[in-house]
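This is what each chain is made of:
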Amino acid sequence: MDWTAIRLLYLSELRAALRERAVLINGILIPLLMYPLMMWVMFSGILFVTARFESFASRVEIAGLPAEHQALLEGLEEDDGQIEITEVDAPPGSAAAAYREEVEDRLLAGELDAALIFETTVDPPGNAEVSLLSNGSSDQSQTARGRLERALSAERSAWLDRIADEHGLAGAEWQVFDVRSNNLATGRQMGQFLMGMMIPLFFVIMIANGCVYPAIDSTAGERERNTWETTSTLATRRIHIVTAKYLYVATMGLVAGALNAAAMVVSFRSFLGPLLARMGGGGGSGFAFELPLTSLPVLFLTAVLLGALIAAAMMILAAFARTFKEGQSMVTPVILLVIFPVVVLNDPSMEFTPALAGIPVVNVVLLLRQAIAGNVLWLQLGITVLANAAAIAACLWLASRILRVEEIATGSFEGNLFQFLRQQWRPAGGKA
Amino acid sequence: MSTVQVEVQSLSKNFFDQSRGEVKAVQEVNFECRGSEIFGLLGANGAGKTTTLRMISTVLQPTAGTARVLGHDVVSDPVEVRRNLGFYSASTALYPRLTARETLTLFARVNKYPAERTRSRVEEMIERFGLGDYAGARIEKLSSGMKQKVSIARTVVHDPPVLIFDEPTVGLDVLNALDLQKAIQELREDGKAILFSTHIMSEAERLCDRIAIIDKGRIRACDDLEGLRAATSQHYLEDIFVHYVTGNDTTA
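If you read the protein sequences in the order shown, they are chains V and E. The first sequence begins at 1 in my numbering and counts up one residue at a time. The second sequence begins at 1001 in my numbering and counts up one residue at a time.
Errors might be hidden in some of the hints.
Stated by the list, open to error - DMTMM-like, lysine to aspartate or glutamate: derived pairs with alpha carbons at most 20 Å apart:
(1) LYS1147(E) - GLU224(V)
(2) LYS1147(E) - GLU1116(E)
(3) LYS1141(E) - GLU407(V)
(4) LYS1141(E) - GLU1102(E)
(5) LYS1024(E) - GLU407(V)
Hints were generated in silico from the structure; no laboratory data involved.
With the rest of the complex left out, here is chain V (with noise of 0.2 Å):
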């Protein structure tokens, strides 16, 4: 191999391709900044809304609250004082009816959040058939309505207690079950978990986009901009200007994947946790987005093998194109092909099993997967390591097998790899 011709053309590649607009907007720019961007939008929108609602006082009325629950509105002021009660005394029988109809008008025309109507109270004294009406289509009408749930929640878990002391009965012998949820997993392992499910999907995701302007601009934009011809009459092996574009292909997916994985990690510990943290999410022990040290290697080495993969697939279908636009179109399938079982297979219960780790790409997902949560399981990082050089290999193979094709090689070959492999085994004849 003429390593120094393929270092030279590698490098001449990737200098080019970083004064490419496209090339660092998809590969690095996009990887980098589109995650610390989301989040920010979404941290922030979440943060504007939720205090949006909280300075609106919902407007609630309660209509025949019994003698004996009065601390039900003492519950409601103390709960943040954004609420504005009218009481007012329940109707009688015959006028019951219009008045509810009166409040659900005020309701639906907005002038009313929510109403708690006692409408009949049963015996022992204090019970009551309660009605809560809210306008389930205006979020401040169902801010109204959760702040009345919890009052009225409160309420009652007071009354039981009251009449359970009464009878001489603790809390927890008239409860039956006293359920104490515990969380056992750690902020860490809570973080783990949701990297792990969502940063493999994104990574794959990522590598394919690197990858796809470079496997078309090296293939199909150097035809269009006529300098195929001109590298090809370049004093080296045809395979070793190849060798050289598809390692400049591969390492813009891997600088996509690793940047990614990066900006997911700074994302989720800069946005993502405190907005868990302040939506109370993770339970009792919160998030901790922190990689395992153990990790690192493995994300570098799932980057490798599905940059690797990925450039030598879209490759194979970019040789064929003669414009960039028909390299778009026929690399298009590749990243749906790469995507499309990521998306299905990412399941939180799927066990990375040796049969799995067999699979391209889905490997890689479960690998990363298990990485993230802190295990590395050797037999199927072994066998991934294998499927995927496997993979590769073959996917070489077959494009030694079509730049031998001189047709192809100059751009005059009218058709895709579907139509090349065809015209290959037809029998004999076939081809002229």
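Please arrange chain E on chain V, whose structure you already have, making use of the hints.
Chain E only, in chain V's frame:
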């Protein structure tokens, strides 16, 4: 007399075209080119000039026959052929995102010019072709005249003994075309063997030491201008060309 640098014997190329079937683009072509000589291939569009030169430059493989550059066979030893060859044509564009200096360095190094002398050689080319002010600019930012100069510089930067210019003046304005012709004449004076294809009679007349008239993939005549005049009793190359292409059906 200079030694033979390029030998072409019975060179043929067939293509398969879906609408036309088998197309014989070049048939049994023979010629040779020596150092300090400009050998012209004169023919109409589609006559087989470019296909012949592409086979010599190893871009295409011959269907039959042989071509050798400094004794290296284009099929069995293509890398050595390309190392000793500079190929320039309208379809060999430059990499738009590299600078002129980067382009020249890349071509010198990949074409095996000694690494320790590459820098001085590149600077020499920049000086010779007047690229000094633009050597650091990306090719895509250069005017077509400057691009053409960079193209010639990259063709010769590894100092190959054989040069191929395939219709080099296509698309150039008169002044740029004259500049290019002047550069080609200077390269002949440097001792290069130059294969030059054109369909412009005046260009062939002005530049070429010997001319092969090619038509329908076959060479109809091959001699210096005086020899062609004597053989056809015609003075102007245009008339000589018409004589061979339309009036004389004998093969070379």
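Status of each hint after checking the structure:
no. : hint                    : verdict
1   : LYS1147(E) - GLU224(V)  : 17 Å, holds
2   : LYS1147(E) - GLU1116(E) : 26 Å, violated
3   : LYS1141(E) - GLU407(V)  : 32 Å, violated
4   : LYS1141(E) - GLU1102(E) : 14 Å, holds
5   : LYS1024(E) - GLU407(V)  : 15 Å, holds
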